[in-house]
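S.K.: The chain contents come next:
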Amino acid sequence: MHRIWAMIERDLRRFRRSPVLVVVSIIMPLVQLVVLGYAFGGKIKNLQVGVVDEDHGVPAIKLHEMFQAVAANAQTFTPIYYSDKAVALTDLRNGKISGMLDIPPEFSRKILTGANPRVALVEDNTDQFAASALEGSLDGLLPAYNAPTVSPRLSATATLAIVEVYPYVPYIQFLLPGVIVLAIFISAMIGGGIIFIDDKARGLHEGYLVTPISKFELICGFTLSGAAKAIIAGLVLITVGSVIAGIPDPLNPLRLARMFLLVVATAMALISMMFLIMVRVNDPLVPRAVFGMLNTVLYFPSGAVYPTQSFPAWMKVITVVDPFSYAVHGFKELILKNTGLMAISGDLLFLCCFTAAAMTAATLLFRRTL
Amino acid sequence: MFDVEVQNLTKRFGDFTAVDGLSFAVEHGEIFGLLGPNGAGKSTLIRMLTTLVPPTGGTAKVNGFDIVRQANQVRQSIGVIPQAMTSDLELSAVENLSIFAKLYGIPRERRKRVIGQLLAEVDLTQWADKPVKMFSGGMRRRLEIARGLVHEPKIFFLDEPTTGLDPVSRVAVWDMLAKLKHERDLTILVTTHYMDEADKLCDRIAIIDHGKLAALDSPLKLKASIPGKNILEVSFAGAPADWAARLGRLSDVAEVKNEENIFRISSNNGPRTTIELLEAARGADVAITSLSVQSTTLDDVFVHYTGHQLRDALQAPNATDSPFLMKRP
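Going line by line, the protein sequences match chains E and U.
Take this note's numbering: the last position of the first sequence gets the number 370, and nothing is skipped along the way.
Take this note's numbering: the last position of the second sequence gets the number 329, and nothing is skipped along the way.
Calculated from the structure, these hints are not laboratory results.
Be aware that one or more of the hints could be misleading.
[Unchecked claim] Taking lysine-lysine and the DSBU-like style, the derived pairs with C-alpha atoms no more than 30 Å apart in a straight line are:
(1) E:K215 x E:K200
(2) U:K257 x U:K212
(3) E:K45 x E:K62
(4) E:K200 x U:K112
(5) E:K200 x U:K257
(6) U:K221 x U:K257
(7) E:K200 x U:K130
(8) U:K133 x U:K61
(9) E:K200 x U:K154
(10) U:K130 x U:K112
(11) U:K112 x E:K215
(12) U:K229 x E:K215
(13) E:K215 x U:K61
(14) E:K200 x U:K61
(15) U:K154 x U:K61
(16) U:K200 x U:K223
(17) E:K96 x E:K43
(18) E:K96 x E:K45
[To be verified] Computed footprint of chain E on chain U, listed as stretches where at least three residues anywhere in the stretch have a Cβ under 8 Å from a Cβ of chain E:
(19) 97–106
(20) 174–182
C-beta atoms are modelled at their ideal positions from N, C-alpha and C, and glycine is treated no differently.
Could you put the whole structure together from the sequences, leaning on the hints where they help?
M.R.: And the structure:
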């Protein structure tokens, strides 16, 4: 045991003198949290929408008024009036406007006679986010347009009442669990991948190998010292990240204690995975080359940035075996719902089993010779 | 009993044989030098003896323990200084030694005393708490020597300990090794390609070339074993085809070797052979472009036994050559 502690002590002393590792592994996820959180989190506003009125009747003017109301209040879109439909279409194709609303001739007459009146939305669907926002806004606007001026006291129409269990979760808070796991991953990648292989290439491992240290002690020493640094990165993110993302009561001791447990389990799982990948690698280029690929393959299918329910079947397979998925799910439970340990027991169990399997495989593959 | 016994030891990497059936023994208290050019198999041999590389064939015992079956006992008996400087640059000298003392299981109460004593022996006491990145190459190497001795081993392996050091540091390292050997009753096995160092400090030398043992004896006996007391190294312009044979007929010449128009003439009387050589060249209208006369050295021994001089050889690329390695100060 004292040999394992010697390895951990060596790594932590090196880290204390040169803490660039944790700084790097913290800064990037924090930047991502702030930039992505605010970039994706806000509502889409001020879309330029062309309006071509070929009718000019009173019902059409009522529509104009409603467009103006949206522009003044929700500000989802701003109507720009065109007299020529061809010009509006050209502007749509050239990207000057995001959509074109066409009020066709005879619209007013069809309204008054109840002959299926329609307005057409021609949208630039190359930008799905803007198109969805525009559709959503108009979907809400037309029922209001069709509603009778005076509502009946008793209605036979079924309506949906929505009750939100938790307070509104902005996207930056939704992103935070993934960002914490990403910080732990970057730390594991640098500590357990790049520095591990660099030390091996420099001959530092030779120093260990000529001592009577056992293979198991070596694996434990490498894993625990790498995990210690990843845990530090994780702890900074669960506190600083929670404050930045505006999590209510961010320093709640009970929640922090539960998160600490999950940080340790995540760090152990990711560092042992990294060690398993790097156990037979000697070339310093390899960890650098696989860094980006691993990041993409593990981070995005985990549900950290988008719900996993939307994934194709093949990507769901990655989600099931990806330790990121369980870590992200666990942090979501703790951060967004402030749940107890029972809610994340499945995640903790998977991460512990994953760690045991990866460390066993790494021990079997590890060569105690050069 | 010998401290190191090597029997027909072989190491192959695919089709390439790095060490080819080496056999020798090292007595207790010896400084035993392994001499050879880069790629001769010295480092592979050291790595096998220090349990870092498994042999392909043959056997070896270190301190009476088999290097394959009793590897852990071997590791407990030996101190190893690898070719690359591997101290942690961010840590201080004391921290470096302390970590290794813990890896060897030295109890806390003994640790402090051993480290203090070792730092004094390698003249680093005043730099004990300074980070190693501030040390010169010679100081780093001395620290590594101390690190290799932290668990008080019986046998000390050093792989080219003076490579890359300036002449003053080289002398300091060798003096330190000689002193430590006497004070700690060590057996030292060292590889080098510096002939002069090996000549001065080694009790016995094994010349290794292409993985094979070319010669093994004390420096004195090795020098005495080759023909001639002096070596004349001469190059000529316009030498006729039978020039080597004509040089061989000069007085006191024991042997003539010609390699790329450099004639190495072994003579039992250097001055007389030189005079006759000058006369012979003038008579045959052959111009002498360079001429040196020297006493027999280990270089001459090496050339005699291997048929060529120490020179660079191609070898497998090293991972440390990678441009992707993180820079350290």
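S.K.: Output the numbers, in ascending order, of every earlier hint that fails for this structure.
M.R.: 5, 8, 12 and 20
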